[in-house]
Structure formats: structure tokens, C-alpha cells
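Visitor: Single-letter residue listing:
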Amino acid sequence: MRVERGVVSVRTRRKTDVLDITELIRTALREMNTSEGILHIYVPHTTVGIVINEAESGLLHDIESLLEKLVPELEAYEHNRVDSNAHAHLRNVLTSSFVTVPISSGDLVLGTWQRILLVEGDGPRERTLLLTYVGL
Amino acid sequence: MRVERGVVSVRTRRKTDVLDITELIRTALREMNTSEGILHIYVPHTTVGIVINEAESGLLHDIESLLEKLVPELEAYEHNRVDSNAHAHLRNVLTSSFVTVPISSGDLVLGTWQRILLVEGDGPRERTLLLTYVGL
Amino acid sequence: MRVERGVVSVRTRRKTDVLDITELIRTALREMNTSEGILHIYVPHTTVGIVINEAESGLLHDIESLLEKLVPELEAYEHNRVDSNAHAHLRNVLTSSFVTVPISSGDLVLGTWQRILLVEGDGPRERTLLLTYVGL
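Protein chains in written order, with my numbering: chain A, 1 to 136; chain B, 1 to 136; chain C, 1 to 136.
Just so you know, the hints here were simulated from the structure itself, not pulled from any lab data.
Being a predicted model, the structure only gives us computed values, none of them experimental.
Heads up, some of the hints might be wrong.
As the list claims (entries may be wrong) - Below, a list of computed lysine-lysine pairs in the BS3-like style, where the Cα atoms sit at most 25 Å apart:
#1 C/Lys69 / B/Lys69
#2 A/Lys69 / A/Lys15
#3 A/Lys69 / B/Lys69
#4 C/Lys69 / C/Lys15
#5 C/Lys69 / A/Lys69
#6 B/Lys69 / B/Lys15
Claimed, not checked - Which residues of chain A face chain B? A partial, calculated answer using Cβ under 8 Å:
#7 Val3
#8 Val7
#9 Gly37
#10 Val51
#11 Gly58
#12 Asp62
#13 Ile63
#14 Leu94
#15 Val99
#16 Pro102
#17 Leu108
#18 Gly111
#19 Gln114
For glycine and all other residues, C-beta sits at the position ideal for the given N, C-alpha and C.
Please model the complete structure; the sequences and the hints are all you need to start from.
Guide: Dropping the structure here:
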């Protein structure tokens, strides 16, 4: 059994953005010594989320639109007295700061349509992902 | 320390459906060699989610109603230009593709009311759950 | 490789409440034998959630307000025929029953603004958190 670590850097492109980061994670994973286990993928940020879903371009826009509908950017949030990004924090609360994916034969186990998506809420920025593998 | 794997198949019953899958998972777990650790329960699908909550029948309907309120099926989603199930993808974004549950003495550690629920968004279908145990 | 367990008790203060529980978790973590791995933080309850975000006081109120907007307490939920807390269950469905955080040098790996937040939906109550460490 082993624990292996990796780091991925991603440059988001717009204030709100949904990016497919699957291949960036795969590239980092190839540098790690893994076989059978789980991979924890974690954003040490509070205004960006991570989810697993399909990366079809229309759906990426639908995710942005849904988050804007449920958590509008322009609303009287209390946090905006000290900053101007409450909506991005709140969208992260509705998505997540991490996902865990099974690893088999050293690769991500993903269904046909599954991709790992980064949900930027307060970009564009350089974002960091911390990878932790626990397994054989 | 060991990694153990299991698979569960579930037939969902309706287009939208919330099912208690706890005993199906327990059945698969009994075939696995586990004692103290964590169990990762993962759906390799993009239109079905997994959450932990109570399986009271009224609440299962409330979960369906809430998801229909927040993410209505009939809305002009961009993804529906290539498919007709954007709402199901988006509901998965608000729930999750996996849960992790502690395992003790080879069984799920669940509070009094906790059950593992599958949230179908584009059924009825045969769905697969991938189980990964990491522990002693 | 080892599995280590811990327990944290928290007294929530109001019916709905968002609390920073990071230092309570750190205190429990110091009693556990950990170095490099992951920590699973789990609530064995169905009316309280756990998320990672900033603990700025305005934002804690914004989280409460958002959950009240998306899942109002006073609505005709079916679960309320047998109980009176459907909104709290449903808010947990939108947040989560667990988070997993990397552990390095025996401490939580958190970004500058990240804190672990308990989202009470049906308090005030004594709540329990179950910690499971898997790692070196």
C-alpha cells in the first residue's frame, strides 16, 4: 500500500468558466506510482468547484446558467461588504471542493461520458489541484 | 492494508426515481474482505446521482420535487440540442457521483436514519455502482 | 499504512447554523497517529451537512440565506406528515454528509481561506463527527 501525491495547475479563462481537466489529471497521474486504489482530487480554493459530468459544450454552458440562476452574481450578499465574490463561494458550496475517483491499472475509472470538470466562479486565475492516491 | 472491489447492478423504475440501495451495497460488501476502513461508492454515469439521507417515502418524493423545482425537466437547455436529458446531468451536478462511508467490523457505519440513495434522472435503466474499499 | 479513527462532538447553537469546526477537528487529529494520507470527516446524521469554504461571518449568513431560498423551511413537504424537518434533510442533500481532506505532516491541508463548516438544519443539537484516516 502506498500514498502518492501530485499537483496540477490550471489557468481558467473567464470570470465564470467550466473546464474539462481530465487530461491534465491524467498527465499528472502518469508521474505517480499507482495501480489499484482511489484518487482524491482537491481544490485548495473557496471560489472554484469540482464535479464529474459530461463535457459536451452545450452542457458546460448549462452548468454555468444553472449556477447563475440558483446563485445570481448580482445580489445583496453579506460577504460582499468585505469582498465581491460571495456568489462564487456559494456556488462552491453547491458543487464541491473535491472528488474521489477509482483508479484501476493506474488510470482513472470513468464511465463513457464522465469527465472531471472544474467550475470556476471568480476567474480568470491560476488554480491548483492537489492529488492524493491511496492504494496498492 | 488492502484494496477490495465490488460491483452492484440496480434497475431503476421510472424516469425520475429515488431508491434506497443500502441493502444492495451490503450484499456486495459481504463478498468483499473488509474490516476497518472506508468504502467508496461510485456511479460511472452522468445522469444519476448518489446521496446519503433518510429513506422515508415522503422524503424520497420531496427529493424528486426539489430537484424538479431547482432544475426543471422542461427548460431550454443547450445540451438538449444534442440530447434530451440536460436536466438529469444538471441534477447530478447538484447531488454527486460518489459517496464515501466508513466501514467498521466489515459493515457500513450509518447513523440511525442514514441510508444510501440513488437519484435517477434519466431512467428507467440498468445502473452500475463501483465499490472500492481501502482499509485493513 | 494505517487506519486511524477519531470522534468529535459539536453543540450547534440555533435551529439553522453554520459553524467553523476546523479547530475541533484539528484537536481530534492530534490524538490520532497520522502523517501522509487522507482524512474522511463524516456526519452520521441526516439533517446536518458538511462543506469546505471560508468562515467569514457574512458568508456564513449568506450560506444560511441561500439554503433558505433554495429549500424554504415553510413549504408543503410530504416528509412533514411524519416529522417537521424535511427542509433540513433536503438541505443536506444539496450539501453533503462528508468531506475528505488531504493530510500532510499530520495536519489538514487547507488553502488560505478554507475552513471546514458544519451546516446545521434542525438544531440546536449535540452532533457527532466520525473521523477516519487512511494513510502512512
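Visitor: If a hint holds in the structure, say so; if it does not, say that too.
Guide: Results for each hint:
1. C/Lys69 / B/Lys69: OK: C/Lys69 and B/Lys69 at ~12 Å, within 25 Å.
2. A/Lys69 / A/Lys15: 16 Å, holds
3. A/Lys69 / B/Lys69: Holds - the C-alpha atoms of B/Lys69 and A/Lys69 are around 12 Å apart, at most 25 Å.
4. C/Lys69 / C/Lys15: 16 Å, holds
5. C/Lys69 / A/Lys69: 12 Å, holds
6. B/Lys69 / B/Lys15: Judged against 25 Å, a Cα distance of about 16 Å means the pair holds.
7. Val3: This interface hint is violated because 11 Å lies over the 8 Å limit.
8. Val7: Result: violated, 22 Å to nearest chain B Cβ.
9. Gly37: 5 Å, holds
10. Val51: Given a least distance of 5 Å, the restraint on A/Val51 holds.
11. Gly58: 3 Å, holds
12. Asp62: 5 Å, holds
13. Ile63: Where the cut-off is 8 Å and the nearest Cβ of chain B is about 6 Å from A/Ile63, the hint holds.
14. Leu94: Result: holds, 6 Å to nearest chain B Cβ.
15. Val99: 7 Å, holds
16. Pro102: Constraint on A/Pro102 satisfied, holds at 5 Å.
17. Leu108: 10 Å, violated
18. Gly111: With Cβ-Cβ at 3 Å, under 8 Å, it holds.
19. Gln114: Since the shortest Cβ distance to chain B is 6 Å, the answer is holds.
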